[in-house]
Amino acid sequence: MSETIKSVKEYISKEGAKQAFKRAENVIKTKPECENAIITYSNPDFSKVTNESGKLYGIPIVISDNISTKDIETTCASNILKGYIPPYKGDAEQKLEAEGAVILGKGNINEFLIPNAPSFIGDVKNPYDDKYTAGPAGGCAVSVLAGSVPVSVASDAYGAVRLSASYTGITGFRPTYGAISRYGLIYNSGSTDQVSILANKVSDCATVANVLGGHDKRDTMSLLDPLDFEKGVSKARKKIYDSDLLEGIKIGIPENFIEGADFEIVKNFEKAIKIFESLGAVCETCWFEAAEFSNEIHEIITAGEASAMLAKYDGTRFGQRIDSDNWHEMVAKTRTLFGKSVQDEIIFGTNLLRSKQIQKYYMKALKLRTDLVEEINSLFKTYDFLISPTTIKIPAVSKDLENWFLTDKSITSINLAGLPAISVPFKKYNGIPTGIQIAGNLKKDSDVLKTAYIFEKKSKGEN
Amino acid sequence: MIYENPDKVKIGLEIHVQLNKANTKMFCGCTTDYTESGPNECVCPGCLALPGVPPVLNQSSIDFAIRIGLALNAKINKETDFYLKNYFYPDLGSGYQTTQFDKPIVYDGYVLIDGEDGLEHKVRIRRAHMEDDPAKLVHFGTIDKSTGSAADFNRSGMPLVEIVTEPDMRSPKEVRRFLDKLRSILEYLDVVDSTREGSIKADVNVSVQNKTRVEVKNISSHRAAEKAAQFEIMRQKDAYRKGKEVVQETRHFDEVRNVTVSLRAKETEDDYRYFPAFDLVSYKITDKKIQKIKDRLPELPDAKRERFVKQYDLSEALAKSLTTEKEFADFFENAARKTDPKMAASWADIIRGELNYRDLSVKAIKTEELIRIVELVSENKINDVGGVLIVRTLLDEGGTADQIVKAKNLGIAEDDETKKAAVEAVSENPEAVSDYLNGTEKAINFIVGKVMQKTKGKADAKTAREMVIEAIDEKYNGN
Ligand SMILES: [Zn+2]
Numbered sequence: 001m002s003e004t005i006k007s008v009k010e011y012i013s014k015e016g017a018k019q020a021f022k023r024a025e026n027v028i029k030t031k032p033e034c035e036n037a038i039i040t041y042s043n044p045d046f047s048k049v050t051n052e053s054g055k056l057y058g059i060p061i062v063i064s065d066n067i068s069t070k071d072i073e074t075t076c077a078s079n080i081l082k083g084y085i086p087p088y089k090g091d092a093e094q095k096l097e098a099e100g101a102v103i104l105g106k107g108n109i110n111e112f113l114i115p116n117a118p119s120f121i122g123d124v125k126n127p128y129d130d131k132y133t134a135g136p137a138g139g140c141a142v143s144v145l146a147g148s149v150p151v152s153v154a155s156d157a158y159g160a161v162r163l164s165a166s167y168t169g170i171t172g173f174r175p176t177y178g179a180i181s182r183y184g185l186i187y188n189s190g191s192t193d194q195v196s197i198l199a200n201k202v203s204d205c206a207t208v209a210n211v212l213g214g215h216d217k218r219d220t221m222s223l224l225d226p227l228d229f230e231k232g233v234s235k236a237r238k239k240i241y242d243s244d245l246l247e248g249i250k251i252g253i254p255e256n257f258i259e260g261a262d263f264e265i266v267k268n269f270e271k272a273i274k275i276f277e278s279l280g281a282v283c284e285t286c287w288f289e290a291a292e293f294s295n296e297i298h299e300i301i302t303a304g305e306a307s308a309m310l311a312k313y314d315g316t317r318f319g320q321r322i323d324s325d326n327w328h329e330m331v332a333k334t335r336t337l338f339g340k341s342v343q344d345e346i347i348f349g350t351n352l353l354r355s356k357q358i359q360k361y362y363m364k365a366l367k368l369r370t371d372l373v374e375e376i377n378s379l380f381k382t383y384d385f386l387i388s389p390t391t392i393k394i395p396a397v398s399k400d401l402e403n404w405f406l407t408d409k410s411i412t413s414i415n416l417a418g419l420p421a422i423s424v425p426f427k428k429y430n431g432i433p434t435g436i437q438i439a440g441n442l443k444k445d446s447d448v449l450k451t452a453y454i455f456e457k458k459s460k461g462e463n
Numbered sequence: 464m465i466y467e468n469p470d471k472v473k474i475g476l477e478i479h480v481q482l483n484k485a486n487t488k489m490f491c492g493c494t495t496d497y498t499e500s501g502p503n504e505c506v507c508p509g510c511l512a513l514p515g516v517p518p519v520l521n522q523s524s525i526d527f528a529i530r531i532g533l534a535l536n537a538k539i540n541k542e543t544d545f546y547l548k549n550y551f552y553p554d555l556g557s558g559y560q561t562t563q564f565d566k567p568i569v570y571d572g573y574v575l576i577d578g579e580d581g582l583e584h585k586v587r588i589r590r591a592h593m594e595d596d597p598a599k600l601v602h603f604g605t606i607d608k609s610t611g612s613a614a615d616f617n618r619s620g621m622p623l624v625e626i627v628t629e630p631d632m633r634s635p636k637e638v639r640r641f642l643d644k645l646r647s648i649l650e651y652l653d654v655v656d657s658t659r660e661g662s663i664k665a666d667v668n669v670s671v672q673n674k675t676r677v678e679v680k681n682i683s684s685h686r687a688a689e690k691a692a693q694f695e696i697m698r699q700k701d702a703y704r705k706g707k708e709v710v711q712e713t714r715h716f717d718e719v720r721n722v723t724v725s726l727r728a729k730e731t732e733d734d735y736r737y738f739p740a741f742d743l744v745s746y747k748i749t750d751k752k753i754q755k756i757k758d759r760l761p762e763l764p765d766a767k768r769e770r771f772v773k774q775y776d777l778s779e780a781l782a783k784s785l786t787t788e789k790e791f792a793d794f795f796e797n798a799a800r801k802t803d804p805k806m807a808a809s810w811a812d813i814i815r816g817e818l819n820y821r822d823l824s825v826k827a828i829k830t831e832e833l834i835r836i837v838e839l840v841s842e843n844k845i846n847d848v849g850g851v852l853i854v855r856t857l858l859d860e861g862g863t864a865d866q867i868v869k870a871k872n873l874g875i876a877e878d879d880e881t882k883k884a885a886v887e888a889v890s891e892n893p894e895a896v897s898d899y900l901n902g903t904e905k906a907i908n909f910i911v912g913k914v915m916q917k918t919k920g921k922a923d924a925k926t927a928r929e930m931v932i933e934a935i936d937e938k939y940n941g942n
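Quick mapping for you: the protein sequence lines, in order, are chains A and B. First residue of the first sequence? That's 1 in our numbering, and the numbers climb one at a time after it. First residue of the second sequence? That's 464 in our numbering, and the numbers climb one at a time after it.
Hints may be right or wrong, so weigh each one.
[What the hints assert, rightly or not] One side of the interface only, derived from the structure: several residues of chain A facing chain B at Cβ under 8 Å:
no. : residue
1   : HIS215
2   : ASP219
3   : ASP314
[Stated by the list, open to error] Now the in silico label distances, taken between C-beta atoms and shown as ranges:
no. : chain 1 : residue 1 : chain 2 : residue 2 : range
4   : B       : GLN522    : A       : LYS70     : 43 to 51 Å
5   : A       : GLY280    : B       : ASP758    : 54 to 62 Å
6   : B       : GLY501    : A       : LYS70     : 44 to 52 Å
7   : A       : LYS217    : B       : ASP565    : 23 to 31 Å
8   : B       : ASN673    : A       : ASP325    : 42 to 50 Å
What the hints contain is simulated information worked out from the structure, not anything from laboratory work. Even for Gly, the Cβ is constructed at its ideal location relative to N, Cα and C.
So here's chain A without its partners, still in its complex pose:
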């Protein structure tokens, strides 16, 4: 089923893994839209790429720069981590290599993936209109779009993968929270972040998710039972999906996910609904009350967690340091190496957690998050999937990224609930691609992927 990967494999079988790698590198280094896409190239040792029967043998892959890779500089696109070379392999790197994949390099992202924090090497521009950004995981998305690599492994913190997929017209899949190990994932917000996949095709997402998934005892949040992303659907469902239809599938459209969307985006989305209906699905609008505050809850929780997780960058043990007479001053100076938006995020989070107001904001957000999860669970009692435009906004203007805010309830509510969701490209708005998000219930990843696959097939040529 994995289509692009298959075609790359065919090439490799003729030309060899090293040639495929060179070709991939060449694409990134020469195509103008790939400017800033890679922060560090890997320079792999091909004598160690030996698993020819591996599912990803010889496939070049870009890993986002907030995922730890042994001996390859990992910066989270931040000046503060410049020069940091991890001494250990993250789980993603381990699993990809075990299946024969070759890491091409570290994809450029927003600094620590924070939505309005530009990368320290510069933002990745949108290939469709370079006034705009390619998204928070722009380097990863663009390297896929340009045809350098068939897949990129990144993290969907703040919806980075789905937003970047939507902005660049590729596919971005976020699995159920815990389905892929976070060992090696340098997260700010451990409760909302999830290793995710960017690819040209839905099927490639499923293939790579199967490589990355499974229980990892090094991550407390790792699901005990592995999900089968390719074949994890029920028998009855399989019958329906195998006919490339969505007969009898119930789809909910949370009205408040679309609130405030531009007319054009709504119009595109209505066309998508028509496609789902033409496949036999029953679509109806619904109201997701708790999502009314999902952006605020998400903002408070991610900032609070980030203020703690970003504390380890103190210049003592790794990364950059600005020396000073005493330790506390050294830390204070070193931490000015964070970009302005990251500093703002830390200060915001730090304030939220102050004992005088933690009840008022952070603890309240945790409570509201529980309500949100309950409500979305009950929505999934009625509906098999929730669909919406992935985002109702056009991408940030690249040079104005610092003033951008994440305000998509479709993104934040899914992050808070830890549900599987995919952004599939569908049409454009003002010349920039847009995506349709299909979200499913917990562990229904395979159903989400199948439905996306059927939609992708049916909507072919409508982008």
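Chain B with the ligand: place on chain A using the hints.
Here is chain B with the ligand on its own, set in the frame of chain A:
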């Protein structure tokens, strides 16, 4: 008699216990036993807080905490969770400590100690919670002229239990007794090796006359805790007597001068921004689990003491002395099973004194030697003086009891040897004999002394006395 506590002394303790007998650190797979390792050798990306490593809670540290809770007669929280405590310090890699907040794993317990009044005194345990230890800092140079510091992350991530008492101790002596008792319990539980540096540390909170509470932090020995409390009580009483106020503050105990000194007073209170640890799930503890741990709990000092009193017919004091350390209690009991328990107990207690004097652990002497000493004494082959000499020689020079008896010629003089000496002594000291015969009982001691001289102390004093009387009878009464 009830202890009046005239100065209304109230002392509470916070005791940090390293669970250094746990198989791994709290959130990674590194060992907790780095005593033989060089700095930063027992570390991994997790306890070094490198980017990208999620914490995984070591279940055995939870089990250890539950054991401690049960042994402190406390309640176990059925649902416990962790919080992050945020602050910057060079020993704290991640910039936060993982600790517990409003749901400590253990709460509401007590420990019984001997009170000032000689009565059993209850020290309530408010709570005990889990947290991880930061790295250890080593400073070079002096405070005035520092040449640098280094951090050793071997300790980073060591599981800790912090036990917090109510201010129920009324004197420095009670502090000492509480700490001794607590250490004894913890060692019985096999959760801590207290011989390792920094394994048990205490903060001492002292107030008098129900006034200001002062905290003395980071005290590493029981003796120092007692001294610190002593000094604080004196200092505070003195201040009030002079009409001064006592500042609420944190002080440091100077072990050399036996005084507490004020640490730089903070202008603002630290805000550690405690918030729920989002990377750890809240932990449910079932009754079944608690029961399982309870069933496996070893016999604790109080219970063992009571049993020794009953089973071996020992005095309370002797049983207490034997049961303070579990290893020592086992040492005694292994001997008691094979020989006369009462004798074994008193000889064990003698050995304990000799061990303490030399600052040795019970490992320095084998149970077989205790058994042998009891046998030698009960078979009259050596006397008590010889027994003590054996113990001392064993500890100082090594060897076995039998070897020492031979080498030092400690064997009790055979009866004929004593008899011979007695006959000689009687003939050589006619004056003393006549004094004795004239009713001066004490004169016999002089002759017995002569017998002991002749036998070089090997004679059994009682036998010697009997034989001197016999020799006098034979010589003067013609019996
Ligand atoms: Zn470790």
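Hints, verified against the model:
no. : hint                            : verdict
1   : HIS215                          : violated (12 Å)
2   : ASP219                          : holds (5 Å)
3   : ASP314                          : holds (6 Å)
4   : GLN522/B - LYS70/A: 43 to 51 Å  : violated (29 Å)
5   : GLY280/A - ASP758/B: 54 to 62 Å : holds (60 Å)
6   : GLY501/B - LYS70/A: 44 to 52 Å  : violated (24 Å)
7   : LYS217/A - ASP565/B: 23 to 31 Å : holds (29 Å)
8   : ASN673/B - ASP325/A: 42 to 50 Å : holds (45 Å)
Checked against the numbered hints given earlier, the structure breaks hints 1, 4, 6 and satisfies all the rest.
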